[in-house]
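*Asks:* Here's the letter readout for the chains.
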Amino acid sequence: MTTSRALDQFLASVEKRAFKIAQLGLRNDDDALDAVQDSMMKLVQSYASRAVEEWRPLFYRILANRIRDMQRRRTVRGRIMAWLPVRDAEDDDESDPIAQAPSHDAGPARRLELDEAIGVLETAVIELPPRQQQAFLLRNFEGLDVAETASAMGCSEGSVKTHYFRALESLRAKLGDVFEGLK
Amino acid sequence: MTTEFEKRSQEVLEESAGRLDGRTRSRLTQARHAALAELEHPARNWWRSYVPAGAAAAVAVLAVVLWSGQSNPMKAPQAANSVEDLELLADAEAPDFADDGEDPEFYEWAVGEVES
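Protein sequence lines, in the order shown, are assigned to chains A and B. If you read the first sequence in this note's numbering, its first letter stands for residue 1, the second for the next number, and so on. If you read the second sequence in this note's numbering, its first letter stands for residue 1001, the second for the next number, and so on.
Computed list of lysine-lysine pairs in DSS-like fashion (alpha-carbon distance at most 25 Å, straight line):
{"hint": "1", "chain 1": "A", "residue 1": "K16", "chain 2": "A", "residue 2": "K42"}
{"hint": "2", "chain 1": "A", "residue 1": "K174", "chain 2": "B", "residue 2": "K1007"}
{"hint": "3", "chain 1": "A", "residue 1": "K161", "chain 2": "B", "residue 2": "K1007"}
{"hint": "4", "chain 1": "A", "residue 1": "K16", "chain 2": "B", "residue 2": "K1007"}
{"hint": "5", "chain 1": "A", "residue 1": "K174", "chain 2": "A", "residue 2": "K161"}
It should be emphasised that the hints constitute simulated quantities derived from the structure, not laboratory data. From a predicted model like this one, the values you see are computed outputs, not experimental measurements.
Turn these sequences into a full structure, and let the hints guide you.
*Replies:* Given below as structure tokens:
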């Protein structure tokens, strides 16, 4: 298999989860898309020649750094914008038919349960401290093992275990009831 | 060992990722293709690394051209003319303007101006 084809398959396999991770970290769809695109570009430009098994932790490390940079920049921008008049939220995509297209089929009852679970879980994940959020999303959602998560987060395996454990405790406290009702 | 809670969390997040709208999925595909295009045409952007150096060189050349263009035409001819005038007035073999009798005060004033 050529490198280009292997990279295409790899990026296609991670792009949706990468977007969700960036979206939860940045709370903004456009910023999340920018972060994922930048990370894809950086992986291809700098690490395409690495072994395929290394791509996933490398990609998520790039993404984690990108998210952190954007969060910091946003904090600085927020301080500056606090001095300026408030702008209305952008609503450019309101009439975009592609954006309105339904993307997934499910039974109405099941869909309602999942809607509630998604809303509550994502809100709880957003409220986690950044490192716990990272550890939880990389371990639980992306399925990286402890070593890969440590590599992606740039910390020790012990730190990953601690962050992940605390994240689970916090989420379990907030979501236990919601998940019990989920079939 | 994965707990029931972890399994449920993963399912819910997978469900959420699967519900991404058409616009987002389309933009993710575009992002992937743009990244892969970078792999297939790496030489296309080689010149970009030279842009900062080129821009700095262009600014330096422009500054030199503007500086020299501003200073030479004004100052050099003036300086040359002053030296010529002084030599002419000081030269004993030169025509004696004072003898023309037309305006001796003017020539006295002119010599005074040059000397000062």
